[in-house]
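A.B. asks: Heads up: the sequence lines are chains S and L, in that order.
Under my numbering, think of the first position of the first sequence as 1, with each following residue one higher.
Under my numbering, think of the first position of the second sequence as 1001, with each following residue one higher.
Please keep in mind that the hints were generated in silico from the structure rather than gathered at the bench.
Quick caveat, the model's predicted, so the values are computed rather than measured.
A virtual CB, placed ideally from N, CA and C, is assigned to each residue, including glycine.
Some hints here could point you the wrong way.
As the list claims (entries may be wrong) - One side only, chain S facing chain L, incomplete, derived with CB under 8 Å:
id : residue
1  : Lys11
2  : Arg63
3  : Pro68
4  : Asp110
5  : Ser139
6  : Glu219
Stated by the list, open to error - Derived pair list, reagent style DSBU-like, types lysine-lysine, alpha-carbon separation capped at 35 Å:
id : chain 1 : residue 1 : chain 2 : residue 2
7  : L       : Lys1022   : S       : Lys123
8  : S       : Lys112    : S       : Lys136
9  : S       : Lys172    : L       : Lys1063
10 : L       : Lys1033   : S       : Lys6
11 : S       : Lys158    : S       : Lys181
12 : L       : Lys1063   : S       : Lys211
13 : L       : Lys1022   : S       : Lys111
14 : S       : Lys74     : S       : Lys112
15 : S       : Lys70     : L       : Lys1033
16 : L       : Lys1033   : S       : Lys123
17 : L       : Lys1022   : S       : Lys70
18 : L       : Lys1022   : S       : Lys88
19 : S       : Lys83     : S       : Lys123
20 : S       : Lys11     : L       : Lys1027
21 : S       : Lys6      : S       : Lys185
22 : S       : Lys178    : S       : Lys211
23 : L       : Lys1041   : S       : Lys181
24 : S       : Lys77     : L       : Lys1041
25 : L       : Lys1030   : S       : Lys111
26 : S       : Lys172    : L       : Lys1027
27 : S       : Lys120    : L       : Lys1027
28 : S       : Lys111    : S       : Lys45
29 : S       : Lys70     : S       : Lys88
30 : S       : Lys172    : L       : Lys1033
31 : S       : Lys77     : S       : Lys45
32 : S       : Lys119    : L       : Lys1030
33 : L       : Lys1030   : S       : Lys97
34 : L       : Lys1063   : S       : Lys83
35 : L       : Lys1041   : S       : Lys111
36 : S       : Lys88     : L       : Lys1027
37 : L       : Lys1030   : S       : Lys185
38 : S       : Lys83     : S       : Lys240
39 : S       : Lys211    : S       : Lys181
40 : L       : Lys1022   : S       : Lys11
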Amino acid sequence: MALRIKKIDEKGNVSRYLIKGITTPLLNAIRRSVIQHVPCLAIDKITIYENDSVMFDEFLGHRLAMLPVKTDAKSYKKGDRVKMVLQKEGPGMVYSKDIKCTDPKIEIVDKKIPIVKLKKDQKLKIEMQAIMQSGKEHSKWQPAIISYQELPNVYSEKNCNQCRECIDACPKSVLEIKAKKVVLKEPFECILCGACRDACERDALAIDVEKGSFLLYIEPVAGMPVNEVINMAIAELQDKNKQFAKLLQKVKGG
Amino acid sequence: MLIPIRCFSCGKQLAGLYEQFKQRIEKGEKPEKALDELGVKRYCCRRMLFTQADLIDEIMQYKS
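Chain S with its partners taken away, still in its complex shape (with noise of 0.2 Å):
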């Protein structure tokens, strides 16, 4: 079967996309590719000359290092670093806005993140820098939320006589009457949670996924583009893909 891509849609910056004939072990190389392998930016090391407010050192540079840094993947290679200074008096909150980058591209994606509060004549001054590195090493580095599911297809069998007890069951509503059947009105929003089969005093409900279908799930979290993660992390695959194959032939050489 031929692979078939289509985009369900985008909520912010949450995309769905259907994707047909592919299996499982392939998405989820590329899902765990993205993962793990592809590079963007987080803070990393920190150098605190101030700090009078109530929280720990140690409780800070944990918050620092989990802001997700606007990620400018052309022109940052991974080991690289950006210089970031975070310097601010009370009283006050200080936000994830006051964070200055000496490269005017890279930035906080989200400037209102509140950080520390101060009070009066409390003081923050800290030095960061931003290193470009893989989800391999922490969380914190990798540069989108993905995640799948194979299409669920819901559908009565025989012995169903249309009482609606699954419809009125359903938590999503996404069932309907169609020529005397219960099908899935809208496949993309149901949850696979069994509510439906469960009402059925009949047992004519079937839950099946359909093979070879799935629902991708795709939330860029630093800033890049879905087409950019998705490209760079098959990059990797097969460059991986490419060092083994090297490998081998060396083991056939031998």
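Guided by the hints, dock chain L onto chain S, whose structure is given.
C.D. replies: Chain L alone, transformed into the frame defined by chain S:
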């Protein structure tokens, strides 16, 4: 103490939504509706926002 930057389970950045969420709740809006409209869909992320206890103001009293 303060809202965690990311969801513990999935890693979605949530701290940026917290102040909006808090404002809505204080206005009397239902948490369920506010979370839906902010695009917080997974229950791992939802628990992060609505179980948050802001304690930093209390702790700040004990430091001069």
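A.B. asks: For a quick check of understanding: which of the numbered hints are violated here, in increasing order?
C.D. replies: The structure breaks hints 9, 12, 16; every other hint is satisfied.
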